[in-house]
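Q: Below, each chain spelled out in residue letters.
Number of protein chains: 2
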Amino acid sequence: MTSKLFSIVIILIRKVERGMDQNQINAIQDDYSDDFAWCYGCGRLNDEGIHVRTYWEDDQTVSLIQPDQKYIAIPGFVYGGFLASFIDCHGTGSASLALHRKNGHEPGDGTTPPRFVTASLHVDFLRPTPQGVQLKAVGKVEEIHPKKFKVEIQVFANNLHVANGEVIAAVMSKSFING
Amino acid sequence: MTSKLFSIVIILIRKVERGMDQNQINAIQDDYSDDFAWCYGCGRLNDEGIHVRTYWEDDQTVSLIQPDQKYIAIPGFVYGGFLASFIDCHGTGSASLALHRKNGHEPGDGTTPPRFVTASLHVDFLRPTPQGVQLKAVGKVEEIHPKKFKVEIQVFANNLHVANGEVIAAVMSKSFING
Chain A
2 MTSKLFSIVI ILIRKVERGM DQNQINAIQD DYSDDFAWCY GCGRLNDEGI HVRTYWEDDQ
62 TVSLIQPDQK YIAIPGFVYG GFLASFIDCH GTGSASLALH RKNGHEPGDG TTPPRFVTAS
122 LHVDFLRPTP QGVQLKAVGK VEEIHPKKFK VEIQVFANNL HVANGEVIAA VMSKSFING
Chain B
2 MTSKLFSIVI ILIRKVERGM DQNQINAIQD DYSDDFAWCY GCGRLNDEGI HVRTYWEDDQ
62 TVSLIQPDQK YIAIPGFVYG GFLASFIDCH GTGSASLALH RKNGHEPGDG TTPPRFVTAS
122 LHVDFLRPTP QGVQLKAVGK VEEIHPKKFK VEIQVFANNL HVANGEVIAA VMSKSFING
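Residue numbers (the working numbering), protein chains in the order written: chain A, 2 to 180; chain B, 2 to 180.
In isolation and in its complexed conformation, chain A is listed as follows:
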């Protein structure tokens, strides 16, 4: 019983630590190769971008983000295109996490993960998203083809469920780039 209590305390401390500094968690985007790290949505090398970072939480994927005040829909509410961008990069990041894990790897283990592109993006806006609140995207990933994944995403502003998204992400190939 004491041991169980001890475990719960440790888990709680870890959750608090995690909440206090998300940047300490290994995100998949931290390991993208430099060539593919310029995305406005999730590229760590794009100084002007929004820096979505995606990681595993149990068998779900999570990204947290604090939208800049310039991303206005109407004053007081977050721009829908920002939410679409957040969902888009959470989707490709989630697909990359899933295929990386399937290949036996986890973020931070020194292996470059596969890079995905978005084939399609769908967003249902459920209610206005308040500004000044950290947003959380939670994803469930399903392999629908060896090189294609479907990611079902829910977005929350605190406890407010503000949007649902679906991303179909495909492994980036040279033929895709060359059209």
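Note that the list lumps identical chains together, so a pair holds whenever it fits in one copy or between two copies.
Below, simulated DSS-like cross-link-like pairs (lysine-lysine); rule was C-alpha separation at most 27 angstroms, straight line:
| # | residue 1 | residue 2 |
| --- | --- | --- |
| 1 | K137 | K71 |
| 2 | K137 | K175 |
| 3 | K71 | K175 |
It is worth saying that the hints were derived from the structure and are not from the lab.
Bear in mind the structure is a predicted one, so any value in this text is a computation, not a measurement.
Keeping the supplied structure of chain A fixed, place chain B upon it in accordance with the hints.
A: Frame of chain A, contents of chain B only:
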């Protein structure tokens, strides 16, 4: 025959003028009330936004935009979230144009148009979108409810058809804002 030739010349001159300065065309966003003109995607008062402007071309709606170089997917290609934002605001702008016309008005006639919000957004990314090229969104609007419109959108980079979109846009209501 001379008269017909004269008409054709006048039309061509107008098309050239239009092409040379899109800002001379009355766009629906120019007439949004100040309270609703702060959108990152299409608000004329948001200095940091991307300023989508949407107008009629015959019975279709058109927006043109030159993406800033920071909106990178991978170097050389436009960020998908930018395209989603462009489609999103082209959709709400198109719906506003349609209801405004149904109410007997056109952009620039001194009447404030109705403001729409996005209920859902779908984007199919057909191929990578090259940077450094002006993008054109072309929309077909269909009323699916007195306060709800569906807009089918095609996006082109020069003659390259790069994306398709569908936006369901609903008239913004006080109850929507109050959630």
